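J.: Here are the chains, one letter per residue:
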Amino acid sequence: KAGVTQTPRYLIKTRGQQVTLSCSPISGHRSVSWYQQTPGQGLQFLFEYFSETQRNKGNFPGRFSGRQFSNSRSEMNVSTLELGDSALYLCASSLKFQETQYFGPGTRLLVL
Amino acid sequence: SQQGEEDPQALSIQEGENATMNCSYKTSINNLQWYRQNSGRGLVHLILIRSNEREKHSGRLRVTLDTSKKSSSLLITASRAADTASYFCATTNTGNQFYFGTGTSLTVIP
Chain A
1 KAGVTQTPRY
11 LIKTRGQQVT
21 LSCSPISGHR
31 SVSWYQQTPG
41 QGLQFLFEYF
51 SETQRNKGNF
61 PGRFSGRQFS
71 NSRSEMNVST
81 LELGDSALYL
91 CASSLKFQET
101 QYFGPGTRLL
111 VL
Chain B
1001 SQQGEEDPQA
1011 LSIQEGENAT
1021 MNCSYKTSIN
1031 NLQWYRQNSG
1041 RGLVHLILIR
1051 SNEREKHSGR
1061 LRVTLDTSKK
1071 SSSLLITASR
1081 AADTASYFCA
1091 TTNTGNQFYF
1101 GTGTSLTVIP
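As they're listed, the protein sequences go chains A and B.
Quick note on numbering: my numbering labels position 80 of the first sequence as 80, and the sequence is numbered without any gaps.
If you want my numbering, it's the position in the second sequence, counting the first as 1, plus 1000.
Heads up, a few of these hints could be off.
Straight line, CA to CA, 27 Å or less: simulated DSSO-like cross-link-like pairs of lysine-lysine [stated by the list, open to error]:
id : chain 1 : residue 1 : chain 2 : residue 2
1  : B       : Lys1026   : A       : Lys13
2  : B       : Lys1070   : B       : Lys1056
3  : B       : Lys1056   : A       : Lys57
4  : B       : Lys1056   : A       : Lys96
5  : A       : Lys57     : A       : Lys13
6  : B       : Lys1069   : A       : Lys13
7  : B       : Lys1056   : B       : Lys1026
8  : A       : Lys57     : A       : Lys96
9  : B       : Lys1026   : A       : Lys96
Far from chain B, by Cβ distances over 12 Å, these chain A residues were calculated [to be verified]:
id : residue
10 : Leu11
11 : Lys13
12 : Arg15
13 : Gly62
14 : Glu82
15 : Leu83
16 : Asp85
17 : Gln98
I should point out that these hints are in silico values taken from the structure, not numbers from a laboratory.
It should be emphasised that the depicted structure is a prediction, and the values quoted were computed from it without experimental measurement.
Just so it is clear, CB atoms sit at the ideal spot from N, CA and C, and this is done for glycine as well.
So here's chain A without its partners, still in its complex pose (with noise of 0.2 Å):
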C-alpha cells in the first residue's frame, strides 16, 4: 500500500496569509489525524477526523481547522498566520484514531 502523502512538502508564506496543507491517508483509513510539532512546544495533536466528521481537537485557537473529504484525504487551514505557526506540520492516519498511526513526510511551513 502507498504510504500517507502529505503536499507541499514546503511552503513559505508571511504573516496573515493563510494556508492549506493536504494529506492522503493509507488506503482503506479513515481517521486522519494532524500534529503541529516545534521546537519548544514538540508534537502537539491538532485535530482528528474520521468518515468526513471532526471528533477529536487539541488546544489550538479558532485559526487552525480543517475538513475531510469523502475518498478521506484531508485538508488543513491556517488562517491570519503567525510567525509561531512556523513548524512542521504532520499528518498521520490509521484505522482507528487510538491505534497506530502511520505518519506522512510533513509539510513544513516558515512564516515570515
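Assemble the complex: chain A is given as a structure, and chain B must be docked to it using the hints.
T.: Below, chain B without anything else, positioned relative to chain A:
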C-alpha cells in the same frame, strides 16, 4: 501541557550497547505507543502496548509498562548507527486525547 515526559532528553552510546529511555505520563491511559523520528521527518511507529499489558517485544525492542507508576521504558538492544533518531512515547487516554512526550534524542556512535 503534554501528557508524557521522557528522559533522558539526550543519550549518546557506542554501537553495540543497549539504549534505555523512559516515559512518564499523568493520567490513566488506554494504550502507549513508541515512535521514532529521523531528523525532521515523519514518525515511524515502533510498538504499541495496551494498558493491561506489562511487557512487549519486537525484534531488538523491548517495552515495559507500569501503570501503577504511570511510566514506560523502551529498551533497544545491540544498538546500530541507524538507530540514531528521536524517540517519542505517545499515550491515548479515556478522553480520546492523543499526547506525545517530549522525546529522547539518541545518538549511536559507530
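J.: None of the hints should be skipped; say for each whether it holds.
T.: Verification of the hints:
1. Restraint check for lysine 1026(B) and lysine 13(A): the C-alpha separation of about 37 Å exceeds 27 Å, so the hint is violated.
2. Taking the CA atoms of lysine 1070(B) and lysine 1056(B), the gap is about 16 Å. The hint holds against a cut of 27 Å.
3. Proposed proximity of lysine 1056(B) and lysine 57(A) is contradicted: the alpha carbons are some 30 Å apart, above 27 Å.
4. At roughly 21 Å between alpha-carbon atoms, lysine 1056(B) and lysine 96(A) fall within 27 Å of each other, so this suggested pair holds.
5. Between lysine 57(A) and lysine 13(A) the CA atoms are separated by roughly 25 Å; this keeps the pair inside 27 Å, and the hint holds.
6. A C-alpha spacing of about 45 Å is found between lysine 1069(B) and lysine 13(A), which places the hinted pair above 27 Å, so the restraint is violated.
7. A threshold of 27 Å between alpha carbons decides the hint, and for lysine 1056(B) with lysine 1026(B) the separation of about 21 Å falls inside it, so the pair holds.
8. Of the supplied pair hints, the one linking lysine 57(A) and lysine 96(A) holds, its CA atoms being roughly 15 Å apart against a limit of 27 Å.
9. For a cut-off of 27 Å, the pair hint linking lysine 1026(B) to lysine 96(A) stands: about 23 Å separates their Cα positions.
10. Distance check for leucine 11(A) against chain B: the nearest CB is about 15 Å away, which clears 12 Å, and the non-interface claim stands.
11. At the 12 Å boundary, the C-beta of lysine 13(A) stays outside the reach of chain B, the nearest C-beta of that chain being 19 Å off.
12. Arginine 15(A), annotated as away from the interface, keeps every beta carbon of chain B farther than 12 Å; the closest lies near 23 Å.
13. With a minimum CB-CB distance of about 19 Å to chain B, glycine 62(A) clears the 12 Å threshold, and the non-interface call stands.
14. Non-interface call for glutamate 82(A) relative to chain B: holds, since the shortest CB-CB distance, roughly 21 Å, exceeds 12 Å.
15. For leucine 83(A), the shortest C-beta to C-beta distance to chain B comes to about 19 Å, beyond the 12 Å cut-off, and the non-interface label holds.
16. Remark: the non-interface label on aspartate 85(A) is consistent with the geometry, its nearest Cβ contact in chain B lying 17 Å away (cut-off 12 Å).
17. Interface exclusion of glutamine 98(A) from chain B breaks down, the closest Cβ pair being 4 Å apart, not more than 12 Å.
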